[in-house]
Amino acid sequence: LWVPGMCLESGHLPFGAAGKSERILQVAQWCLSVPERAEKCPSSSGKPNHADILLVNLQYVSEVEIINDRTETPPPLASLNVSKLANKARTEKEEKMSQAYAISAGVSLEGQQLFQTIHKTIKDCKWQEKNIVVMEEVVIAPPYQVENCKGKEGSALSHVRKIVEKHFRDVESQKVLQRSQAQQTQKDTSLSS
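Quick note: the sequence shown, position 48, residue 48 per UniProt numbering, numbers continuous.
Check the hints yourself; a few may be wrong.
[To be verified] Pairwise CB distance ranges (calculated):
#	residue 1	residue 2	range
1	136	83	24 to 30 Å
2	104	185	45 to 51 Å
3	178	104	24 to 30 Å
4	174	45	25 to 31 Å
5	180	93	36 to 42 Å
6	81	123	48 to 54 Å
7	172	52	26 to 32 Å
8	192	50	44 to 50 Å
9	187	104	30 to 36 Å
10	192	49	29 to 35 Å
11	179	78	47 to 53 Å
12	106	49	32 to 38 Å
13	113	78	35 to 41 Å
[Said to hold, decoys possible] Derived lysine-lysine pairs resembling DSSO-like cross-links, with alpha carbons at most 27 Å apart:
#	residue 1	residue 2
14	84	130
15	162	175
16	93	126
17	120	187
Honestly, the hints are just simulated from the structure, not real lab data. Where a beta carbon is used, it is the ideal one built from N, C-alpha and C, also for glycine.
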């Protein structure tokens with residue numbers, strides 16, 4: 001049973017049961033003043049010499065059992081590339097702010113989804129009121145269809161138009177699939193009644 005103030009040092013292999021989830025993880029970091037602990041487990045990417053680090057909120061942990069006490073000093077944790085992490089945090093913040101701007105400007109859900117699709121391929125896109133501006137060359141105005149893509153004729157405009165076409169094709173095929181699944185579910189329900 002976990003007790004506040006209990007000390008697990010780096011390298012311990014505790015067995016933790018949180019709700020219905022049971023995992024065996026290696027303690028990577030422990031701080032008595034914060035009710036969470038960093039756990040190290042095999043990499044989800046499958047890459048050798050890599051590990052995932054999970055933050056576990058100990059307020060949701062019902063039981064911790066030491067299954068293997070460390071006998072030697074664990075290897076030091078790999079150093080973090082702080083500037084890379086700061087850049088990633090800044091980029092994600094900018095993306096969230098852009099999304100919040102679109103919502104506050106009253107941009108339709110279709111416009112927001114198209115922006116996200118374009119942004120996956122072309123990072124240089126932003127909102128200008130309700131218009132999507134891509135690479136400072138192409139402007140897509142509501143209702144965000146291919147014919148609403150304006151800019152100087154050339155490869156940028158052509159490329160953005162292809163992305164917009166594909167986006168709406170994918171959206172339509174997803175709707176068709178969902179309708180088909182709903183009809184099948186309805187059919188299965190009526191047959192079982």
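Discussion item. Hint compliance check: list the failing hint numbers for this structure, sorted ascending.
Written reply: Hints 2, 6, 7, 9, 10, 12, 14, 17 are the ones this structure does not satisfy, whereas the remaining hints hold.
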